[in-house]
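Engineer: Residue numbers (numbering that gives the first Met the number 0), protein chains in the order written: chain A, 0 to 350; chain B, 0 to 350; chain C, 0 to 350; chain D, 0 to 350; chain E, 0 to 350.
Everything labelled a hint here was simulated from the structure, so no lab data went into it.
There could be a bad hint or two in this list.
Claimed, not checked - Derived CB-CB ranges, DEER-like:
1) C:347 / D:345: 14 to 24 Å
2) E:195 / C:120: 43 to 53 Å
3) E:35 / B:102: 55 to 65 Å
Idealized CB from N, CA, C, for every residue including glycine.
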Amino acid sequence: MPAKRRTQKTGLPPGTPVYIGKERTKKVKITVMNYDEKNFLEKELNKVEECLPFKNKSGVTWINIDGIHNVGIVEKIGKFFDLHPLTVEDIVNTNQRPKIEDFNDYDFIVLKMLYMNSKKNLVDEQVSLILGKNFVISFQEKEGDVFDYVRERIRSSKGKIKSLGADYLAYALMDAIVDNYFAILERFEDSIEGLQERLVKTPTRNTLQVIHHLKREVGFLKKAVWPLREVIASLEKQETPLITKPTLFYLRDVYDHTIQVIDTTEAFKDSISGMLDIYLSSVSNKTNQIMKVLTIIATIFIPLTFITGIYGMNFKYMPELTWRYGYPIVLIIMAIVVILMIVYFKKKKWF
Amino acid sequence: MPAKRRTQKTGLPPGTPVYIGKERTKKVKITVMNYDEKNFLEKELNKVEECLPFKNKSGVTWINIDGIHNVGIVEKIGKFFDLHPLTVEDIVNTNQRPKIEDFNDYDFIVLKMLYMNSKKNLVDEQVSLILGKNFVISFQEKEGDVFDYVRERIRSSKGKIKSLGADYLAYALMDAIVDNYFAILERFEDSIEGLQERLVKTPTRNTLQVIHHLKREVGFLKKAVWPLREVIASLEKQETPLITKPTLFYLRDVYDHTIQVIDTTEAFKDSISGMLDIYLSSVSNKTNQIMKVLTIIATIFIPLTFITGIYGMNFKYMPELTWRYGYPIVLIIMAIVVILMIVYFKKKKWF
Amino acid sequence: MPAKRRTQKTGLPPGTPVYIGKERTKKVKITVMNYDEKNFLEKELNKVEECLPFKNKSGVTWINIDGIHNVGIVEKIGKFFDLHPLTVEDIVNTNQRPKIEDFNDYDFIVLKMLYMNSKKNLVDEQVSLILGKNFVISFQEKEGDVFDYVRERIRSSKGKIKSLGADYLAYALMDAIVDNYFAILERFEDSIEGLQERLVKTPTRNTLQVIHHLKREVGFLKKAVWPLREVIASLEKQETPLITKPTLFYLRDVYDHTIQVIDTTEAFKDSISGMLDIYLSSVSNKTNQIMKVLTIIATIFIPLTFITGIYGMNFKYMPELTWRYGYPIVLIIMAIVVILMIVYFKKKKWF
Amino acid sequence: MPAKRRTQKTGLPPGTPVYIGKERTKKVKITVMNYDEKNFLEKELNKVEECLPFKNKSGVTWINIDGIHNVGIVEKIGKFFDLHPLTVEDIVNTNQRPKIEDFNDYDFIVLKMLYMNSKKNLVDEQVSLILGKNFVISFQEKEGDVFDYVRERIRSSKGKIKSLGADYLAYALMDAIVDNYFAILERFEDSIEGLQERLVKTPTRNTLQVIHHLKREVGFLKKAVWPLREVIASLEKQETPLITKPTLFYLRDVYDHTIQVIDTTEAFKDSISGMLDIYLSSVSNKTNQIMKVLTIIATIFIPLTFITGIYGMNFKYMPELTWRYGYPIVLIIMAIVVILMIVYFKKKKWF
Amino acid sequence: MPAKRRTQKTGLPPGTPVYIGKERTKKVKITVMNYDEKNFLEKELNKVEECLPFKNKSGVTWINIDGIHNVGIVEKIGKFFDLHPLTVEDIVNTNQRPKIEDFNDYDFIVLKMLYMNSKKNLVDEQVSLILGKNFVISFQEKEGDVFDYVRERIRSSKGKIKSLGADYLAYALMDAIVDNYFAILERFEDSIEGLQERLVKTPTRNTLQVIHHLKREVGFLKKAVWPLREVIASLEKQETPLITKPTLFYLRDVYDHTIQVIDTTEAFKDSISGMLDIYLSSVSNKTNQIMKVLTIIATIFIPLTFITGIYGMNFKYMPELTWRYGYPIVLIIMAIVVILMIVYFKKKKWF
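Could you put together the complete structure from these sequences and hints?
Structural biologist: Put into structure tokens, the structure is as follows:
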């Protein structure tokens with residue numbers, strides 16, 4: 000888990016926004032959309048001050064900020080839209096767990112977007128949403144494409160998005176993130192299936208490490224998804240004018256999807272622990288296999304060697320040694336011993 | 000688990016119905032029944048538009064649709080009966096978990112029908128029910144026979160079904176599905192009992208795979224059944240004019256059956272984990288068995304071989320070698336050693 | 000678990016009573032008691048119709064039916080006392096879990112009586128109670144003696160039973176059943192203690208099977224007892240004129256006993272899983288023991304045999320062979336090796 | 000667990016007091032204290048009837064009964080103070096779990112006192128408290144000293160006890176019992192620490208038995224303490240004139256102590272299961288150790304013995320045998336083999 | 000866990016403050032701060048009586064006491080500020096779990112500060128807060144620096160602290176403690192990561208002890224943090240004039256941090272149990288490795304030794320012994336046996 004160091008914040012007064020994460024030098028990108036059923040406006044802002052006039056503009060306004068390492072910009076937006084200092088602090092402190100906080104004038108929603116990095120590890124990115132009366136402000140750690148579908152729907156007036164308010168827009172953004180989880184789940188599914196096959200065919204010592212890596216990743220996934228359930232549930236139950244009735248049905252839908260994601264995560268956990276069982280049992284089976292080979296060899300040859308030992312003794316008076324057929328008789332006796340042993344092992348099903 | 004790919008939906012606006020599942024080319028079959036205590040009408044529709052006049056017809060109307068791959072038909076029915084777009088979407092997206100959603104004018108209920116496919120794997124099929132004031136619409140993925148008993152009861156006026164309303168019909172359909180679970184449970188019971196016997200008699204390496212397969216199947220079953228409990232409980236508690244009082248007793252009955260199914264599923268889980276224990280313990284018992292054989296053989300013959308080694312040495316001055324009875328004496332000593340060993344093993348209960 | 004086949008019911012309308020269980024040809028026995036503080040009447044009925052006059056008779060009436068395989072009789076009683084069809088169905092379908100259902104005019108209570116069958120397996124029998132305003136009807140699968148103490152108390156006017164109403168009678172019957180559980184618990188206690196002793200002294204491979212059998216039995220017990228807790232709790236909380244205040248104290252008492260039974264069951268579960276641990280550990284201890292013997296023997300004799308091997312070689316020029324005391328010197332060297340080995344093993348605490 | 004046989008009660012009407020426990024012949028000891036802020040009276044009663052005048056005496060009266068095997072005495076007290084028959088039954092039936100029962104006129108509280116018996120096993124004794132408006136009656140199985148501190152405080156007017164009512168006295172008695180648990184906990188702590196040390200230094204086969212014994216004892220402790228939490232919580236929440244407001248703070252305090260006891264018990268459970276892990280792992284480590292010794296010995300000497308075997312063969316034409324330095328060369332070769340082996344084992348870190 | 004002995008308190012009346020912990024001879028240090036938006040006063044008191052005038056002084060007063068072994072001083076403060084005797088008792092009895100108690104006039108909050116001692120073990124220190132209408136009193140076991148940041152903020156008027164009331168000050172102190180937990184968590188993270196690496200590279204027998212030590216430490220951490228969640232939640236929900244609305248947002252923030260700490264603790268627990276799995280599996284892998292070496296050696300040489308045994312026999316009539324090329328033929332046969340063995344092991348992937 001890429002747990003970011005938090006101790007650098009120790010001692011600062013609460014409400015002090017400190018960016019936690021890998022410092023980035025990219026420019027912060029601010030885009031604004033304003034629309035109602037008839038009108039539509041989209042533009043990229045050069046200065047953060049330009050978003051001020053949208054505060055009380057009619058229609059729904061969506062301000063999207065890609066990049067939160069520039070704490071100054073986030074603070075300014077906070078000031079323009081009367082955000083509580085704690086909200087500003089939480090936006091840039093990307094260690095939050097998914098949550099919703101009701102600040103009367105607006106809802107502050109924190110979500111986690113998940114994707115695979117170049118090393119095929121699961122990493123998360125914090126997405127913060129501010130849902131106001133007629134606006135939504137979204138903050139992402141870096142430029143992403145998960146909201147592109149929503150943008151496209153607004154531009155092309157597909158679906159109901161333009162006829163409904165800011166709450167529906169917030170829902171649409173949350174839905175886009177949850178939809179994205181399904182892609183992650185399918186990736187996991189493939190990994191697990193691949194591992195399951197390998198486990199049966201060619202378990203190596205490395206397999207255990209892979210299983211545990213997968214287990215940790217599923218744990219990481221779970222940590223991002225579990226609180227989401229509560230977040231959406233409390234959005235539904237919240238008695239606020241911010242959420243209108245038609246949107247409630249849609250929230251219930253995204254809640255359902257969350258439950259599906261959680262269920263699948265739980266199923267993954269079960270699969271993985273099943274794989275652990277199979278792995279451990281296959282290791283102990285292998286020990287068994289090795290033991291069997293040793294035992295068969297030893298059990299067959301030790302008695303034979305004993306017989307040769309007897310006739311290797313140097314006693315003066317050993318009548319068998321002088322028999323004409325002593326040697327072949329001994330060889331035949333040995334052959335009989337071997338056959339009896341093999342019959343015994345067959346009966347024990349050791350072959 | 001036949002988890003169907005969901006990512007093909009990514010980016011579409013919510014409420015867009017997309018059929019997820021194996022494309023089927025069969026014709027969709029729509030049948031209608033309309034009845035009250037005196038009248039009864041049953042027919043198969045050629046065009047979906049023919050169901051429109053049944054919307055406000057007196058008596059109870061049951062429309063059954065077999066096949067939901069033709070999304071257009073489902074959408075039309077949705078339009079005729081004022082279904083919410085999300086309902087239509089969920090009907091054709093067969094990835095839902097069992098749930099109930101209250102859309103004021105109607106209840107939308109999703110259930111999972113379970114059956115064994117030709118490979119003896121458990122598969123599920125989604126059944127969606129729309130319970131309106133005087134109608135029930137049921138959607139199945141393909142033609143099935145689980146509702147035949149209900150049809151028969153309506154046709155022959157058996158039981159109370161004709162004297163009660165649409166809510167009782169919905170109950171009857173749910174009851175038919177839950178009843179079907181008991182057949183699945185009995186199949187599982189047979190599998191588990193068979194496995195238990197094999198486990199004691201002839202455990203093979205394959206047994207572990209079978210146990211884990213069974214475990215996964217029970218997990219799959221559980222996933223279909225657990226949410227059902229909540230579904231029916233919330234149907235009972237829902238304060239809606241759609242559910243009349245006499246039906247409540249029946250809902251409580253089907254709730255009871257669900258609990259029974261869940262209890263049995265839990266018992267299966269316990270049995271399976273018990274089998275795992277026994278399997279693992281039998282493997283380690285086998286290692287023990289093999290160790291014993293090795294140890295007995297080695298412990299008996301190694302000292303004997305040592306004795307032969309002594310008298311195989313070529314020292315010039317070894318008085319025993321020239322004794323008249325040296326050889327038989329040594330043989331007797333060896334016999335004594337063997338007897339002592341066997342007594343020791345007997346005492347240790349190794350035979 | 001003697002899970003009775005339920006599929007024979009599939010497709011029948013709800014409320015159709017079908018007897019599930021081993022068909023019995025014994026005659027059904029119906030006995031009636033009617034009493035108040037002054038009067039007392041007891042008789043065995045020949046025909047089920049004879050119980051009709053007791054419906055509205057003053058005082059408390061207790062009708063006990065031994066044998067429910069004659070579905071017709073149960074249905075008639077259902078009709079006489081206005082029982083819901085679902086109640087009648089549940090009485091004869093002995094697959095119910097313990098439950099209470101409030102049908103306004105009466106409470107329907109299902110309990111499980113437990114006893115050991117001739118093979119020393121735990122089996123259950125379903126007891127159904129109908130608690131009406133002034134009557135109690137009890138249904139048993141076969142003639143039993145668990146209610147004899149209650150009968151005796153009524154006959155002899157012992158305790159408060161005659162001065163209180165039908166609710167107290169229902170309580171007394173439930174109490175008799177719960178009291179009976181304690182006998183079962185004591186039997187289990189003896190089994191567990193016996194097993195524990197055997198486990199330490201002479202664990203055999205069979206022991207594991209016995210432990211798992213016991214575990215399943217305790218699971219079976221738990222399944223019968225757990226729901227009982229809820230049943231009695233909801234009886235207490237139910238706001239119904241059927242239960243009078245003085246009886247509430249007694250219900251609390253039987254609730255207490257149920258908790259005691261559950262606690263003991265949980266303690267059994269812990270004991271059994273502890274025994275599993277000890278068994279598994281004793282198996283691996285045994286492997287250890289065997290390994291030690293093998294290692295001691297091999298470690299002592301393999302080096303010795305090597306020494307004999309050296310002096311068994313046929314080199315022409317081996318000065319030791321011609322020494323006068325070569326043989327005794329080698330024997331002494333071997334003895335020293337043995338002593339060193341034994342000292343080493345002593346230090347390692349292998350003896 | 001010293002589970003006392005309960006079946007001797009089967010069939011008796013509820014409310015019949017039957018003493019369960021080891022019959023004792025000691026005399027029952029009844030002591031009475033009556034006090035208010037100014038007055039104080041203490042005496043030992045010869046006859047149970049002497050406590051009657053205290054029923055309505057002003058001030059707080061505390062009647063303590065040591066010994067409940069004389070059921071008649073308990074019944075008389077029950078009659079004098081209008082106790083419900085079920086209360087009397089529960090006082091002498093020492094199988095109760097800790098509980099509180101509200102009988103309107105009085106609260107009936109059952110607690111478990113714990114102490115170590117002479118065999119160092121944990122045993123419990125039932126203490127029952129009756130909290131009336133102005134009196135407390137306490138029943139103990141035998142004379143104990145746990146309440147002596149409370150007595151002393153009353154006699155010497157230490158603390159607030161004399162200025163507060165009967166509810167405070169009941170609290171003080173409960174507090175004395177909970178305080179006593181801490182002594183038990185410290186004993187356990189010592190046992191666990193001792194065991195932990197022994198586990199690391201000299202684990203024997205017996206250790207497992209000791210761990211499981213400790214586990215059972217902790218389970219026993221837990222069973223006595225867990226319900227206590229609920230008991231005190233419901234005392235706090237109970238809306239009754241029996242409990243006055245100032246006492247509530249004190250009840251919260253004893254509740255806190257109970258939680259502390261429970262927490263410590265849970266910590267013990269974790270420690271013990273950790274010890275089990277370490278024990279099992281140390282056993283398998285030992286097997287490893289033994290295996291290593293065997294493998295090292297066998298791996299070194301088996302090849303050497305093979306070499307001696309070669310030159311022990313009796314072929315006529317074996318040139319090496321006649322070499323002048325054949326014997327020392329073979330010895331040197333053997334030495335090299337041994338050195339190579341040792342290097343290999345060192346590399347594998349087997350030494 | 001440094002569980003302090005509590006039994007020394009047995010028998011004392013409740014409300015008797017007894018210092019539990021290591022007796023310290025350091026002087027108790029009392030500092031006072033009084034501030035409002037305009038004024039600021041800070042001084043160290045020589046005598047406890049000097050804090051009396053601050054009781055009703057306008058503005059917010061913060062009294063901090065470092066050292067609670069001087070019970071007399073704590074008692075005096077208790078008297079000055081009308082604290083309940085139980086509060087005073089709990090302040091000096093450092094065995095409390097984190098809790099909040101509402102005493103109407105003030106809230107009593109107990110927290111645990113965690114730090115690593117010189118032996119790198121986690122130890123806790125009890126911090127008690129009294130939140131009154133216009134004052135906060137904090138008690139620490141010894142002088143610490145965790146509150147220095149808060150002091151600094153007051154002195155320098157940074158943040159909102161001076162414009163808000165005593166409740167915000169209490170929040171700030173709690174926040175300082177929770178912030179401190181993150182430092183502990185990061186230490187643990189480093190330990191766990193280090194251990195994980197060592198586990199894969201060089202697991203030793205000691206590793207298990209370290210894992211278990213870490214597990215206990217995490218358990219200790221959890222015990223300090225879990226109750227905190229409840230403490231803050233009930234502070235939020237408490238309907239009291241002591242907490243003003245603006246502070247509620249901040250309490251929610253510290254609640255959030257607590258959840259983060261708990262989540263991380265849970266993740267640690269999972270990591271540790273995963274490490275246990277890997278450790279155990281690596282031990283059994285090692286056994287496997289050892290077994291393989293033994294088996295390979297034994298399997299190769301035992302048959303060879305047998306062959307040498309045959310030609311070491313002393314039969315008079317063994318034709319092979321007199322063959323001209325008998326010896327080299329036998330050597331070639333042995334070489335073939337070795338090659339076959341190696342091929343077999345290669346196929347089995349033992350190398």
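Engineer: Against each hint, give a clear statement of whether it holds in the structure.
Structural biologist: Right, here's what the structure says about each hint:
no., hint, result
1, C:347 / D:345: 14 to 24 Å, "holds, 20 Å"
2, E:195 / C:120: 43 to 53 Å, "holds, 49 Å"
3, E:35 / B:102: 55 to 65 Å, "holds, 57 Å"
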